[in-house]
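Peer 1: Chains as they are written, first to last, in numbering that gives the first Met the number 0: chain A, 0 to 457; chain B, 0 to 457; chain C, 0 to 457.
I should point out that these hints are in silico values taken from the structure, not numbers from a laboratory. Worth double-checking, as some hints may not be accurate.
For chains that are exact copies, the list does not tell them apart, and a pair is met inside one copy or across any two.
Stated by the list, open to error - Capping the alpha-carbon separation at 25 Å, the derived lysine-lysine pairs in BS3-like fashion look like this: (1) K73 x K329; (2) K379 x K25; (3) K58 x K329; (4) K58 x K73; (5) K58 x K156; (6) K73 x K143; (7) K266 x K412; (8) K156 x K143; (9) K58 x K143; (10) K379 x K156; (11) K266 x K58; (12) K25 x K412; (13) K412 x K379.
For clarity, every value in this text was computed on a predicted model and none was experimentally measured.
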Amino acid sequence: MNAPQKRSLTEPYSAYHRDALPEEDKELAHVERGSPGGEYLRRFWQPVALAAEVGELPKRIRMFGEDLVAFRAKSGRVGILELHCSHRGASLEYAVCEENGLRCCYHGWLYGVDGRVLETPGDPPESTLRFSICHGAYPALEYKGLVFGYFGPPENKPEFPIYDSFELQGDRLVPYYITYPCNWLQVHENVMDPVHAVFLHTRVTYSHFAADVWGELPAMEFPQTPTGMIYVTSRRWGDNVWVRSNDIILPNLAQVGHVWEDGAEPKEFSRVAITRWTTPVDNRTCRIIGWRHFSSDADPRGLADERQCGVESVDFFGQNGARPYEDRQKIPGDYDAQTSQRPIAIHALENLTRCDIGVATLRRLLRAELRRVANGEDPKLSPLRVNGLVPTYTHDTVVRVPARTGASPATDKEFVREIGRRITEIVVGGDHHTDPSRTERVRAMIRDYSAQQRMAVA
Amino acid sequence: MNAPQKRSLTEPYSAYHRDALPEEDKELAHVERGSPGGEYLRRFWQPVALAAEVGELPKRIRMFGEDLVAFRAKSGRVGILELHCSHRGASLEYAVCEENGLRCCYHGWLYGVDGRVLETPGDPPESTLRFSICHGAYPALEYKGLVFGYFGPPENKPEFPIYDSFELQGDRLVPYYITYPCNWLQVHENVMDPVHAVFLHTRVTYSHFAADVWGELPAMEFPQTPTGMIYVTSRRWGDNVWVRSNDIILPNLAQVGHVWEDGAEPKEFSRVAITRWTTPVDNRTCRIIGWRHFSSDADPRGLADERQCGVESVDFFGQNGARPYEDRQKIPGDYDAQTSQRPIAIHALENLTRCDIGVATLRRLLRAELRRVANGEDPKLSPLRVNGLVPTYTHDTVVRVPARTGASPATDKEFVREIGRRITEIVVGGDHHTDPSRTERVRAMIRDYSAQQRMAVA
Amino acid sequence: MNAPQKRSLTEPYSAYHRDALPEEDKELAHVERGSPGGEYLRRFWQPVALAAEVGELPKRIRMFGEDLVAFRAKSGRVGILELHCSHRGASLEYAVCEENGLRCCYHGWLYGVDGRVLETPGDPPESTLRFSICHGAYPALEYKGLVFGYFGPPENKPEFPIYDSFELQGDRLVPYYITYPCNWLQVHENVMDPVHAVFLHTRVTYSHFAADVWGELPAMEFPQTPTGMIYVTSRRWGDNVWVRSNDIILPNLAQVGHVWEDGAEPKEFSRVAITRWTTPVDNRTCRIIGWRHFSSDADPRGLADERQCGVESVDFFGQNGARPYEDRQKIPGDYDAQTSQRPIAIHALENLTRCDIGVATLRRLLRAELRRVANGEDPKLSPLRVNGLVPTYTHDTVVRVPARTGASPATDKEFVREIGRRITEIVVGGDHHTDPSRTERVRAMIRDYSAQQRMAVA
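Pulled out of the complex, with its shape left as it was, chain A reads as follows (with noise of 0.2 Å):
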């Protein structure tokens, strides 16, 4: 399978000749069963609900266009069932939460979290037909308010990865979600996009983050990383250079720095604001879900509200579809660019352009990765381990270092350029990655090299 081929339209006018749409790139964007796209995102811990909605009633979800039910039996374990019940069809989102199971309202068959048929209480006790079948489950757990499955081979599960951005000291991770009515993967990859900060966010209507800082069109890199790949930016902003990255954990998994961010405040290594997931619903649905990180230090603004953080929402503008469709056209944000890049995004009608390139250097990852896995081969995952945690490389650094005295534009840009390559060097590389004091080492060396560069430019 080939991405399909491009035809642009070259005349004013022309929309009469445009040919007939081409498909999606199904190898990519597709996630039903058995397509490469699912079966790579399935060899990973996907999160499907709040713990917190998964409590006396089950909760109904979907993922990879299956219908599930999530739930969690009275002895607190979670689990991950398919709808209907194995007897004759009944959906258990009406079933009962038991100590051990879940209990079909109809027939008052009882399955564990595991799928194994625990009674079926309308047959003699000496039936045996409940050790002959299972019900279908996924394995499922709970961690820091999410709830995950793994849909996977179940010989391929892997550990539930903990990256070290999940236990930072003084964070408070706030979970939600929301759904958006379209493919999975152009979500995701806005994360790989900094430009549309610069005219989204900032340039085209008003500023978003309350910061014109962000409508400053930066020097770029994407380099790879040992789980996946990051952005670099790097901005002059007065007498300070801020050089930020997002980071993108394959598949679906990235890390934002803070939004509030105004490049103000020398700061190093400031982390992750948001840890979200990018789930496949289906080939037309997906739903950012993750944690909201909470730290003083992350919101010196005070603009932050963890209480718009929950089902459906999230406390930043534009993330989701309640806004009436006046108030979207006149000041559209992430959702309604990106719900509205069709249901599943042609790749074949893009123009894509330099500013692309972390678009479509995600998009090569992610189809080798597939391809990988449809290989029978196993996806790639990091090697480093700090005392068991993932090394993640999202952060926001602002270092005081003016422009040389008498440069011009292009030459502060291209030295811009420079210290945001050599902060990411100190980030990415290096030997401090299995340091149990990574933050604290960084952000010395990444202060070492600050003090030096104001040296020289002094």
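Keeping the supplied structure of chain A fixed, place chains B and C upon it in accordance with the hints.
Peer 2: The following block gives chains B and C in isolation, referenced to the frame of chain A:
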């Protein structure tokens, strides 16, 4: 056409290995024109609307996937016509009821209840077009507040059958209907599933019928009758034995006993609480339509409420989708269990057990009958008549027969089953069917039998 | 492609014998890209929105099954662009109107009204991508409160045609539209169906236009004109004869006379009340869009109401679906009759009669024209012009010509028909078409003719 093969999962956490979903059992479930099930069901009069709905304005209806209009000419006669005018296709739901027919709003064509074109008033008087064509019509009649249609081959139109339970003295028949967004069969076969009453209606959440006796797993039998089949459930309740039968008159008529029975007081051959057809609106929609029977002896605890019976409503728990989703999750009813078996239940995914013998028997009978019709034979009809009335078998009977002294629970359950069998022989067999005083005769026979048993026990 | 065969039912109660539904007449009805009807309709300027809707915000529209956006640059020029941005596909309904074009919200690409890419601001200044591609655009213009587009081959773009009735002195043209959930053809052809006015608008329920004269079955003719066809209806009303013509300008423009005409007062060549295109939104949706004409002599009874004309609304009865269903059943209007002819009317199920000659004629003309275009020829356009204006033929004329003394009703009907024919010759034929004072000249000719007839009668 045979039912598709089933393949069950047999390992915990094995949902990943689920095959692609098999198809529904089309032979049994589908109802569109030319389908075996549809052609079989078309051989019987089917209720389509409440008479009260077919008044000054035509009533748009849908049956067997066809769009139709039921109407009442001012003469009082009811008719069922194809929805779209034979002239230019305008919908006859916008037509006007006149003395002898229905007049299309668009150009005034007038149709009789039989589809004859009575007027084409835009044409010159000498026009003969109206003699050369007929509008599509189905035979219709009105009976006890319901409008019925016959949708089968004209040459096979049966007499409208009147069952004894339609004409019981002291019974008030109150018409009602409820539309279900699912195939007719899964709703209909629930009548032959007495075990769901134990679990859905009693044990799993709480007692919908306010009587714990429903939660006792009964001895069960599923004998055939001259018109179809019944279930026989027999339960020990203190010194009493409660024997209950619900009746399926093939293909899609069911009669159900009283839902507020509590087994407390002796009664013999107490009759019908609900007469209901489950009609095929289309493959994925059906309608329960019929009557609630109201009489003083049928409601000793005063829980029935005639005012709740009508359009999309009936006077007992859980019969429609009007409750909020969360309430339906907390205490699901028949509507929730049955509609959630998928739009068309997939038999190949079921695991039927001994508690599903009634459902399996009903499917076998329906399949035999629809194949008979597909082969050009007539469906089986009851040969019995009492003054033109066809006997039916639904009843609740409570006899005071204590357990034999010293009998073990297992021995007593066999005794209870034997009492159920014998009472069923009295109700279904014998020579009383053509006796105008059948009811009294059956009751006397049961009383005799009950007295003998009491004596034998004592 | 030929229209499919028809098979009528001929027996009462024979709906069971209905064949499977035939298909719609795709050649005439379908409008998607490449369909014969769609390609024909694309050869004409089509109105797509009210100018008042295309203001600060772009307006999402749909035509010929294509999703588009109409917008107004701040310079005032209107444009019609493909909905999805050529860069990454975000919808231009969320774009910002600027001085010279429309700027996508996502990455700031700027498009001119002709589809030229004016800026790709995320790219380096030296980027030349924007010179090598064009965004899909259709020519657009604004005229008297409507925005029009041309959707055909650029090389065949016709001059925007102005009809004499667009520029009548004393006329106020108020734009409006109403969307119909059905194919365009069944809505359009209603204009050539004068008999529906007798039944739908007058006799079947009550007189929608408050004048009993509409209920008289008229003498009818359907002559062709240089631009298409008209109907000619002629009715006796006391000593008056009312001759009325509505005009179809091929393919989908219609002009309709005053709906409150009552035949009471003499008038000659009174002109247009409604100019309306029936536009193809997609195969199953159309839009009536055009102007209500307001002038004092067009509304002698004061029943018109300009304030009711606009988005999804017009000032006469039964033109949209806003009334409650039961009200629409009691007194159906055009909207109810036409939308209920199925989403796409099935001609093969119709039984056309002499009262449908206008509809049949229109279909024949359309079929001939669309085949001409499919064969590579140009559609027929009017050769006539008066100072650049194309003459049109809609009129109401009431002449005082009593029935001849002693004439039988049949004889008088022939006389009335003859008057209609002669007045139509005056209106359609003759050498007045290029006369700047055509209206006055036609009126004088009719007055002369009328006076002669009165003398002949007396």
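Peer 1: Just pull the numbers of the violated hints for me, sorted ascending.
Peer 2: Numbers 11, 12, 13, in rising order.
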